[in-house]
Amino acid sequence: MLEVSELSVSFGAVSALKGVSLQARTGSITAVLGANGAGKTTLLRAISGLVKAHAGSVRYDKHELVGMSVERIVRAGVSHVPEGGSVIAEMTVAENLQLGAVWRYGRRERQRRIGEIYEIFPALATRAKQHASTLSGGERQMLAIGRALVSRPSLLLLDEPSLGLAPLVTAGLMAVLADLSKGGEITTVLVEQNARSALSIASWAVVLNLGTVVVSDSADAVAGDADLRHHFLGF
Amino acid sequence: MIKLRLPGWARLPRQPMLRHLLFGALGALFFYLLSNSLSSFNNFQLGEVAVYAIAIAGLSVLTGVNGQISLGQGAFLAVGAYTIGELEVHQSINLVFQLLIAVAVSAAVGFIIAVPATRLRGPYLAGMTLLLALALPFLSDKYSSFFGGDQGLITLPPDAPGSIDPQKWLTWIQLLCALIVLVLLGNLLSSRFGRSFRAVRDNEVAASLAGVHVARTKVIAFVISAACAGLSGALLVLSTGVVNTGEFPLSLSIYILAGMVLGGAGTLTGAWWGAILVVYLPNQWSQSLANAFHANHLVGANLAVIVFGAVLIIVMLLAPAGVQGGLRWLGHRLVTVSTVTKLGSNISVALQDQPASKQDRGGPDSETAATSVD
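These protein sequences, in sequence, are chains B and U. Using this note's numbering, the first residue of the first sequence is number 1, and each one after it goes up by one. Using this note's numbering, the first residue of the second sequence is number 1, and each one after it goes up by one.
Pulled out of the complex, with its shape left as it was, chain B reads as follows:
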């Protein structure tokens, strides 16, 4: 269970998050939606420790994440895939995946975990020895998610995984995410501009606007609310 309460982040005089509270149940997918500048990315970065929150708390699995270092948050089981799928361009696909598992497993277990990732994303297996810089946008995104999954996280934070991907690739990616959460072990927080596809797999949805939570409701209810869709989600 992820519990964010009254989380506030500001960059100088600009406050990006103003007392955001939300909960994500274990094993569920929670979509975080909103326009540009709503604070979605900042929310994820505050949870994973990349930006410092100046007030509020993030409780996850008995840990208080606010104030913990990024590496320790990763080791507590939180994997964050930042916007644009940040991969290590100069390393091969296999090395990128090894990096994600390096602190957690011995050599044999690491290979097994990487093999599982190749089963989820077969396209990566064929490119195992290629440099990540040679991958297409969709493959990069798969690699970034694969690297996040290789350490077997219990909380997965995804920032705009569909950014720049063809609709068909996005649909495939969403299917993979839906599959992953079916096991009930991974809690996913999914930030998306593409509200329609995010709502199709999410069970809960939170709509942010200018750093505050506007709506927090079941995904079906948000998708069914025409006013809300029109005002904040644009579809």
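Heads up, some of the hints might be wrong.
[As the list claims (entries may be wrong)] A few chain B residues that don't get close to chain U, going by computed Cβ distances all over 10 Å:
hint	residue
1	H54
2	V70
3	P82
4	A89
5	G100
6	R108
7	A148
8	A171
9	G184
10	N194
11	S200
12	V214
13	D220
14	A221
[Stated by the list, open to error] Incomplete in silico selection of chain B near chain U, CB under 10 Å:
hint	residue
15	N36
16	L50
17	G67
18	R72
19	S86
20	V87
Calculated from the structure, these hints are not laboratory results. For every residue, glycine included, the Cβ atom is placed at its ideal position computed from N, Cα and C.
Once you have looked at the hints, place chain U on chain B.
For chain U alone, kept in the frame of chain B given last:
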């Protein structure tokens, strides 16, 4: 993809550690034979190459692999050198322990400087490390009773056993240290540490999100390069016989950096190429160049810097990845071209005379059997 298939005994071992040990053993054999055939002065220079190779390899790990620039390696050479100097003044302990203490002291100094330095990036880190190299002479002036002031401290070359030429003995020690350091660094770089170093260089955010401790990784790389530089400095003053600040000018740090870039940043074999250039180019080669053109001695003295700069520019234009990168590229080209032409001739033979192609196996084209198409 085309691959050259070698017989089992001719293939390199798969484990990086075994491979590095094999390279180390071959290197030791090569240098043993080489040093036996060289004069005393040439052995002195060979020892210098080994010494610079250690410093350059350490910097290569820091800058080439981990992405942190240092203009102050000379300062760490001086730390190792002064440590040896002090040890020789006050104690008479085994050389191995002296060298280990020099490494430990320079690693400790490196650690103290790394903690603030690794918070800096690019030009700011370069500036801070530059300051280190510049500040050093003032320290030895200020505490001249300890550091020996302008005169410096006297170091004695190690005693050679039996009838071995003392210079050759020292060269062997320097070469052995260089080979050990390079094998250890090679193993380090192919371990998870090496992967973390590269990840931090390429993308700090992605590395930290993958669970790499970014700050710690940078400090470790800095300490390793400082320890290498300290060992290098300690071995250097065993040759020169004296430790004073004149041995560690700013140009030393610059030469080490240039040697690292020339040899190939991030490659350990490149450290040898860089060291050869640093030892021979400013002194011998540019001197002979000056003599060849009958230049007067003023031109000769300044030619070193010009030649070094020119070589730096030419290498960067021709092989941006340094000498080692250029050689690697050349090797790839040669292998690909030769297998493609062989394969081409094989295919044309097969097309012309299909049933006979099997008999051709034993003929002059038999080496094509060793190439396979993946």
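Now for the hints, and whether the structure bears them out:
1. Its beta-carbon lying about 21 Å from the closest one in chain U, B/H54 satisfies the requirement of being farther than 10 Å from that chain.
2. Its closest Cβ contact with chain U, about 4 Å, brings B/V70 to no more than 10 Å, contrary to its assignment away from the interface.
3. Not every Cβ of chain U is farther than 10 Å from the Cβ of B/P82; the closest lies at roughly 7 Å, contradicting the non-interface assignment.
4. Chain U draws B/A89 into its interface by the beta-carbon criterion, the shortest separation being 6 Å against a cut-off of 10 Å.
5. Taking the minimum C-beta to C-beta distance to chain U, about 5 Å, the non-interface status of B/G100 is violated against the 10 Å cut.
6. The Cβ of B/R108 sits about 14 Å from the closest Cβ of chain U, beyond the 10 Å cut-off, so the non-interface label holds.
7. Not every Cβ of chain U is farther than 10 Å from the Cβ of B/A148; the closest lies at roughly 8 Å, contradicting the non-interface assignment.
8. Here B/A171 stays apart from chain U, with its beta-carbon at least about 26 Å from theirs, past the 10 Å limit.
9. Residue placement check: B/G184 keeps its beta carbon more than 10 Å from all beta carbons of chain U (closest about 24 Å).
10. Look at B/N194: its CB is around 22 Å from the nearest CB on chain U, clear of 10 Å, so calling it non-interface holds up.
11. No beta-carbon of chain U is positioned within 10 Å of the beta-carbon of B/S200; the least distance is around 27 Å.
12. With a least CB separation of 28 Å from chain U, B/V214 remains clear of the 10 Å interface cut-off, as annotated.
13. With a cut of 10 Å on Cβ distances, B/D220 stays outside the contact zone with chain U, its closest approach being about 32 Å.
14. Consistency note on B/A221: stated as away from chain U, and its beta-carbon is indeed over 10 Å from all of that chain's, at 33 Å minimum.
15. Taking 10 Å as the C-beta contact cut-off toward chain U, the hint placing B/N36 at the interface is violated, the least distance being around 21 Å.
16. The beta carbon of B/L50 is positioned within 10 Å of a beta carbon in chain U (closest approach about 7 Å), and the interface hint is therefore held.
17. Of the supplied interface hints, the one on B/G67 is violated, with its beta-carbon coming no nearer than about 16 Å to a beta-carbon of chain U, more than 10 Å.
18. Taking 10 Å as the C-beta contact cut-off toward chain U, the hint placing B/R72 at the interface holds, the least distance being around 9 Å.
19. Because the beta carbon of B/S86 sits about 4 Å from the nearest beta carbon in chain U, less than 10 Å, this interface hint is met.
20. The restraint placing B/V87 at the interface with chain U holds, with a minimum CB-CB distance near 6 Å, inside the 10 Å limit.
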